[in-house]
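*Asks:* Read off the chains here:
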Amino acid sequence: MGEIVSLEELAAEVRPGCKLAVPADYCGVAMAATAAIIANRPDRLHVVCVPVTGMQGDMLIGEGLVGVLETSAVTLGEAGGAPRFQDAVKKGSFRLMDATCPAVHSGLIAAQKGVPFLPIRGIIGSDLLKTRADWKIIDNPFAKGDPIVVVPAIQPDVAIFHAPEADRLGNVRIGRRRELVTMAQAAKATIVTVERISETSLLATEDSAAGVLPALYVTKIAVAPRGAWPLGLWGEYAVDSAEIARYAAMAKTPEGFAAYMDGFARRQREAA
Amino acid sequence: MGEIVSLEELAAEVRPGCKLAVPADYCGVAMAATAAIIANRPDRLHVVCVPVTGMQGDMLIGEGLVGVLETSAVTLGEAGGAPRFQDAVKKGSFRLMDATCPAVHSGLIAAQKGVPFLPIRGIIGSDLLKTRADWKIIDNPFAKGDPIVVVPAIQPDVAIFHAPEADRLGNVRIGRRRELVTMAQAAKATIVTVERISETSLLATEDSAAGVLPALYVTKIAVAPRGAWPLGLWGEYAVDSAEIARYAAMAKTPEGFAAYMDGFARRQREAA
Amino acid sequence: MGDYTNRELLIACVADLLDGIRHVAVGASSPIPAAGAMLLRARNEQAGKPRVRISVLGSEEHNFFTNGGAELFDCTAQGRVDAFFLGGGQIDGEANINLVGTGDYPQSDVRWPGCFGSAFMYYLVPRVILFREEHSSRVFVPKVDYVSAPGTSEGIVRPGGPHALLTGMALFSFDKTRKRFALQSAHHGFTAADVKANTGFEYDAADIVPETKAPNAATLTLLRGRVTEELSESYPQFAELLRGERMAAA
Amino acid sequence: MGDYTNRELLIACVADLLDGIRHVAVGASSPIPAAGAMLLRARNEQAGKPRVRISVLGSEEHNFFTNGGAELFDCTAQGRVDAFFLGGGQIDGEANINLVGTGDYPQSDVRWPGCFGSAFMYYLVPRVILFREEHSSRVFVPKVDYVSAPGTSEGIVRPGGPHALLTGMALFSFDKTRKRFALQSAHHGFTAADVKANTGFEYDAADIVPETKAPNAATLTLLRGRVTEELSESYPQFAELLRGERMAAA
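Residue numbers (my numbering), protein chains in the order written: chain L, 1 to 272; chain D, 1 to 272; chain A, 1 to 250; chain G, 1 to 250.
No lab work stands behind these hints, which were simulated from the structure alone.
It is possible that some hints are incorrect.
Claimed, not checked - With a straight-line Cα cutoff of 20 angstroms, these simulated PhoX-like cross-link-like pairs (lysine-lysine) come out:
no. : chain 1 : residue 1 : chain 2 : residue 2
1   : A       : Lys143    : L       : Lys130
2   : L       : Lys144    : D       : Lys136
3   : L       : Lys136    : D       : Lys144
4   : D       : Lys130    : G       : Lys196
5   : G       : Lys196    : G       : Lys143
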């Protein structure tokens, strides 16, 4: 558990057809690992966005590796819509499971708690319910005439994110991004890239322990300095807006996207 | 929100008949506040133990202030059984809602998430279900022939605990005791005693923010140095085992209990 | 335009719409709602009224949540979020909103990002303000192509819903029982006829539609002083935009 | 007693019962289970076998959970806890356990603390070891007065349950299908007749009941060296007790 390996060995955990959970842009996105995953070309991925995605999801879609996309939104933020996503939606290139943020969280919490479902308010009367055949309405067993939605547990095969640091024992700093804890506990395997390895235990003090994902839930760790670039990493570095804008412009066409991706892994490493 | 008041003003939030949530001994028990609450004699309390209690619960029972006790256990730990609890159970002095730890957590999480119930594994076939008419079995809506227990949301009127510090904005350090976050979010009001007030914001750094209950969920705060005594406080001081043993011995009879309680508030203050 | 810019008017409108709330959540990329919330907070402070708490979502500095991405939704379900803003690629006359796309789902002709938290927040926040600067019949349609979240519901627990619709051109109220908007006022520079011509759905309107109340001097002083300074921290580009428009208008 | 004390035997038995697991959770006030887990960890390390992870619940120093009191239960439900220990004021022949009290519920004659997490853990931990040092017909009864958690279940999801019953006198296995314990061995100093006389429920037993396997020299060396040192950190009083008993027996 929490073994420190190369980026390539870490990326190899993402196998064709697996259910892969990825975090939102503000939570630490493993972009260096994404480049390494793309190199392996694992196709038919079922990508679960926790609860939304941006450039990472758009790239995996653009590379043709996504079979199912379960997400509450895909956007490049200030740089606008996600072009490969929009194009693939129009073409029907993958199965789309539109969601709403708290339902994704609840599905993961259900898996975290080992229960088959969680109830959630709202949703009834939206078109989401029409297309999410896996969501049901039941009667609240504690009150008459109170229909409520239940969403099934979401158990990813692999969860992946990028964090500031891990220690030699495999503990990972996640700060107040507690959806990463839920995601990791819900998943069968969790792989994490980090900026650096801490030589002292992250559990050494009560203060640092409060923001730690314990090694028990961490399968593999790889060091990837500036591993979230061009996205930012909380407490470490800001998003490279110019680079995201460059991607947004180029990815408008399949050719432009291919041109952008050519050498992306190298540019990612060089950004460190 | 997060107003800093006197111990007396804080204790006044616990009114007769209210549903009061209290933490386990390892989480920071507000014993100084308990003495102040007892002075007000709010009776018919519905005490929800998160998920168990010790001396605090035993004292409230001994004082005749408990109308309903919802708990997974009552024990003085190494000092043995809780004498006032055992005596009151035999006499049927209050309504007993025996629980099991994860069901208490799930009930509070349901309230935290604003849902009427949460499903939970286990429990079926135990005698708990026979006496907890508020717990039900439903069919898992996602699988045939899979009965599962659902427990209703637990929404305390007041949650109370003791913590190392709060800042001037009303944020409270809870470290990795995250059940305190759940308890506070589930409750209508949360009152907290602390060892000291920090003059810098606990949200100032990512590291400290990770272990903080934000002021948004905190109603009132009072300073009570050594406010958990004779119990311990994580990261601060150990339990006073000799004092707990003294209590355990004296509280075996109503008279001994009364003798112990006589001057307890004063001794609690002097322990600071 | 004279004394104030259109954006200043919108900010003042937002502050008025939020009056009385204790806690509002705003998106990190929603500067006008954030500015309105900050204006209310400043005004309340001056008047000695209860403090307004603002949670800026996605911001590292001004986000006071510590329990991860689920906290906004938990906090909302606990009844601790009084107001929230929602927009939509399409909004119809029954206040249904569409954040997904146009045409047949799932292969939308134009695809927007997705529902985000709308299918939850719209149901649970007591005072949802629909805000969309663009006022056109492309946005305000008779019937949305996809219901990300409906304007009204029957037979379910729904403590929240639409309180008002604010656009760059006008302010509408919403009647949940009748499932219908009513035009309250047109902003300075626009007429009731402008609104009619650019709205694709039916709504109620009085024979004479008043102009949206102009922000008073005290409000403009606060907005141009303290609030613009506060905005500079989280929304530096937007604060610059406000300053620039003001100078151009002066 | 000779070469080893009764407690040393119990610790060695626990280590054997845990063989093959990756993660075991033990209570802060359960020194024998903890010592057994530490013994297995040390043994595996020596043999180059997979690492054994021990979570000491309630301990500030040796508790590696960071997600509050619910984490043990979540972790268990995720299938990440392989073994756990449960006791009981009463245990019956169908492995039902009673942690609540004797007599009519709720006004119990003798009231124990309560169920704790047993009504969950017993169902979900694959290898639950029932451990109770006191071996008497007061504890081992034909039928418990209150079922905190049943030994077996039908028609529900239940990946976990009783794996063995270890007492100060003997070791039993449990057959879930037949809902019945079988006496595996009696500890040094006790006979099958002693066990029979002190057990209130029926169980299977061979005609000749073997003595519980004595811990070998390597095990005793580890236990008296490294494991006792490790115990000194979390369970100092218990480590002293072990040392004292050993000297008395020597």
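*Asks:* Next step is simple, just say for each hint if it's right about the structure.
*Replies:* Outcome of the hint check:
Of the supplied pair hints, the one linking Lys143 of chain A and Lys130 of chain L holds, its CA atoms being roughly 17 angstroms apart against a limit of 20 angstroms. Between Lys144 of chain L and Lys136 of chain D, the direct Cα distance comes to roughly 14 angstroms. Compliance with the 20 angstroms bound is thereby established for this hinted pair. Taking the CA atoms of Lys136 of chain L and Lys144 of chain D, the gap is about 14 angstroms. The hint holds against a cut of 20 angstroms. Straight-line distance between C-alpha atoms of Lys130 of chain D and Lys196 of chain G comes to about 33 angstroms, which puts the hinted pair past the 20 angstroms bound.
Restraint check: the Cα-Cα separation between Lys196 of chain G and Lys143 of chain G comes to about 16 angstroms, which is no more than 20 angstroms; the hinted pair holds.
Checked against the numbered hints given earlier, this structure breaks only hint 4.
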